[in-house]
Amino acid sequence: MKRDSARRSAPEALGVSHVQVWSKFRFWIERRGLPGLLGAFLLTQATAQSPLELPVSLEESHAGSFYFFASILPLDEPHTLILVDAHSDASGVAGSDAVRSGIRGGPTRKEQAKLFAEWRRIGRIQCYDWIEPLMPRPVDDVYWLAAPLLPDAQRSELENLARDQLDAHQEALPRDCGLLAERFHARDLPGLEKEFAQWPEDRAVIASVDLDYFAATPLENLEAAMDQVFDPIIRLPGLRALTICISSPWQPSTKQAERLVFLALDAVSRIPRARLRFEPFAACGPDKSLRAQELAGRGEKSPAFDVSKCGPALRSLLASHWRPEMTLTQTEEMAELVRQWRDDPFLPSVCIPGQLTAPDGDWHLDAADLDALALRVEPEPVGAEVRWMAIVPAGARCRMMDGPWPYAVGAPRWLRWKCQELGRGAELPLAKLRPVLDAEQACGTVKVRASVIRDGEERLSGPATLRVRAAGASGFRAALSEQFRLPYLFGSTFLHATDSNGAVYSGAECLEGADCANFLSAAYRSEGWRTPWGSASDLRQALRPLPDKTPLAPELVDLGLILDFGAHAAAVWEDLPPRGVLDDGDLCAHHLEDFPRILPLGKLREGRDAPRLFSIDPAALSGPRVIFGGDVMLARSVGERLRQGEPVLEPLRARFAGTTAVVNLECAIPGAPDSGGFSAPLEALAALRDAGIHAVSLANNHAGDAGAEGLIETAAALSASGVQAFGHTLDPARIELSGSPPLTLFGWCDHGPVSAEVMAECIRTADDAVVFAHWGPEHQRQPSDAQRAAAKLYIAAGAKLIVGAGPHAVQPLEWIDGVPVAWSLGNLVFDGHGPDAEWRRGALLDVTFTSSGSIVRCRLIDCPVIGGP
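Just so we're aligned, residue 40 is where the sequence shown starts under our numbering, counting upward by one.
None of these hints come from the bench; they were simulated from the model. One or more hints might be untrue.
[What the hints assert, rightly or not] Result set (DSSO-like, lysine-lysine): computed pairs, CA atoms no more than 30 Å apart in a straight line: (1) Lys457 <-> Lys294; (2) Lys327 <-> Lys340; (3) Lys233 <-> Lys457; (4) Lys149 <-> Lys831; (5) Lys294 <-> Lys486; (6) Lys340 <-> Lys153; (7) Lys327 <-> Lys294; (8) Lys471 <-> Lys457; (9) Lys486 <-> Lys457.
Produce the complete structure using the sequences and hints provided.
Rendered as structure tokens:
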């Protein structure tokens with residue numbers, strides 16, 4: 040078949056593959072490393088040609104695939120269509136040149152969408168003729184999977200019949216592109232996989248799966264049958280888009296149709312880069328198919344999948360994974376259904392009794408605790424069967440980028456995750472995770488979900504992420520070990536993901552995998568350092584070289600000691616005897632074309648030059664630090680203890696030593712006693728000062744509990760005691776930092792008299808602005824839409840840091856457009872039990888600045904709440 044020769048490289052034109060050419064240079068590249076500028080240019084060029092997301096659609100009629108492909112594909116570039124279908128769908132459209140012209144005629148996507156909406160209304164494209172108008176571009180050829188196994192004679196008969204249908208209109212209504220029959224091929228599954236093995240990586244492929252292909256498959260065999268089809272397709276490096284249609288008129292029952300929809304959506308949900316369009320309400324006009332005519336002749340209406348009547352299994356799956364951007368037709372109707380499903384009192388969730396997830400929503404555990412902890416389901420699954428599944432990568436490597444790179448050649452572009460049963464029962468001992476964790480260290484990241492079957496009805500929990508660090512590991516090494524059992528993902532620099540709460544992640548933080556440098560950078564970033572995503576060269580430029588004979592002090596290994604081999608990088612994992620000297624027996628952690636591994640330096644050095652040593656710049660370790668704390672309430676029982684001379688805040692002194700400390704003061708300190716509300720005694724002034732607190736925000740709902748006059752008295756008393764107050768007026772506080780520009784502190788309360796827009800204008804006029812915001816609904820562990828909207832305003836106005844308090848719960852730390860946002864630090868000093876365990880957990884935000892005022896490190900530190908029972 041003729042292909043566009045311009046898409047082939049010079050080596051390929053000579054009959055030499057990329058693999059052959061680059062394998063000769065691999066060690067040369069690794070020894071010397073690509074120069075940073077050249078490497079960045081080549082990386083950008085390669086990535087510009089590589090789709091980073093897989094578009095997927097699912098709707099009732101196969102005609103919908105026409106509209107989806109026509110709206111997302113470059114229409115004049117060739118693609119191979121893999122058609123999985125019980126029917127060939129090869130009928131021609133009479134006058135199809137008008138369709139080809141129509142999809143290219145509109146100068147804007149908006150006008151194209153308007154045309155498609157009209158075509159859908161009148162049924163211009165049908166489920167049996169949708170392919171031909173897309174040929175010969177963007178569909179260059181078709182490989183039809185007609186059945187799992189086909190005798191050659193039957194395969195040939197089906198192929199010839201499809202070809203006849205494709206060109207049936209040529210005598211009466213010849214099309215400009217001429218005959219298309221030779222472009223259509225019928226195959227069975229072994230034949231199709233044989234074709235796949237011969238295709239080059241850069242062959243652009245699209246796939247369309249009609250679920251009627253599985254209509255005759257018994258219910259109990261559907262999952263295995265679908266895996267048999269989906270797995271080889273998803274592994275194709277050239278796969279560019281996927282559509283799935285339900286074809287209810289051809290399904291033997293609504294139960295079979297729903298089960299197939301469930302399995303298809305579940306499979307797509309386990310492709311991290313998939314971007315699903317789920318259109319259960321979309322229609323393609325009057326159905327003119329023979330099947331529809333047959334049903335009409337019997338007085339029956341063509342069935343269609345009704346998502347509003349789906350069972351608990353599909354409802355729970357959609358409750359976990361559906362988002363508004365997935366459905367464009369009747370979005371609000373779909374959103375209302377999902378809201379109802381999420382309120383299901385039997386909808387299960389996974390928990391570890393007595394444990395809280397980290398602010399990022401994951402469980403961070405020590406491998407030493409695996410034998411002592413267990414997962415359970417809430418609500419308690421009385422009278423139900425519980426099946427526990429791990430969601431693990433289906434392969435050890437993935438290649439997101441095209442280009443002449445020697446890594447992960449031949450690997451799939453789209454990472455796919457599979458389900459592996461862990462056990463059954465009301466609880467799952469965490470020791471049963473060991474088979475899906477690193478075999479030697481029992482560490483790594485794994486997602487777990489529970490299936491609860493009660494009275495014949497199945498409900499699924501959402502996936503819970505467990506990040507297990509190697510036993511006793513801390514800091515950089517702990518963060519490395521949490522990435523074990525995640526695949527090698529070449530091109531992870533360009534990953535971006537948004538979770539259901541609106542948090543945006545990038546690079547290896549997406550927990551899909553990493554390549555060598557990003558594996559290391561993710562560990563640094565977990566510790567708060569702002570190392571870049573990129574190549575080994577990019578990481579090297581962000582660190583500081585060390586002398587070759589640098590002693591291996593334990594604190595240096597814990598900080599992160601990088602071994603730079605040029606294009607590859609690793610980290611020292613453990614200094615084995617002889618201590619203090621880097622030698623071939625010392626253990627190293629690295630990530631290259633497989634799951635992360637720990638191996639001796641001598642093994643890692645094979646074929647490579649001696650590594651250079653890099654680590655965090657020592658100057659960054661000694662930069663000025665500012666620590667922010669959450670809600671400090673010094674009234675009620677805490678105030679009584681202060682009156683009696685008890686050093687309630689003494690534990691903060693050591694934490695704040697050598698830093699500038701700023702907290703949210705959630706009370707008044709008026710001159711008059713017993714002023715009502717949260718009114719603290721005057722002893723609180725000295726307690727704040729002696730704890731090392733330099734400034735407090737009064738922008739909250741309790742600083743004025745003693746009235747307007749009490750608020751003024753509080754601010755004056757704080758100032759007189761040496762503690763700056765801000766937030767009670769629009770005037771900011773200015774705090775000096777040793778060796779770095781001063782910070783301008785603004786306080787803002789979302790229930791106060793100052794709007795977010797007014798506050799943004801104040802920020803716009805200031806240098807080095809930091810916003811301490813009291814915002815968000817109480818006792819919520821994720822930021823609200825209103826918090827996100829306000830943060831967006833402040834970042835646009837020039838804020839360099841945003842710190843939150845008020846919800847009495849710790850919320851995540853995010854970086855938004857390069858600005859750290861600590862949504863809520865929870866309580867720091869507060870009495871009472873609170874509504875849940877989150878009340879007793881607080882966090883500190885530890886920020887390190889450079890001499891120029893840039894933030895070089897920013898991290899949340901756990902801090903138990905002071906003042907409780």
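Hint check:
1. Lys457 <-> Lys294: holds, 24 Å
2. Lys327 <-> Lys340: Given pair Lys327, Lys340 holds - Cα atoms ~12 Å apart, limit 30 Å.
3. Lys233 <-> Lys457: Roughly 24 Å between the alpha carbons, so the hint for Lys233 and Lys457 holds.
4. Lys149 <-> Lys831: Roughly 28 Å separates the two Cα atoms, so the pair holds.
5. Lys294 <-> Lys486: holds, 29 Å
6. Lys340 <-> Lys153: Satisfied, since the Cα-Cα distance of roughly 28 Å is no more than 30 Å.
7. Lys327 <-> Lys294: Roughly 25 Å between the alpha carbons, so the hint for Lys327 and Lys294 holds.
8. Lys471 <-> Lys457: With Cα atoms ~17 Å apart, Lys471 and Lys457 stay inside 30 Å; holds.
9. Lys486 <-> Lys457: holds, 11 Å
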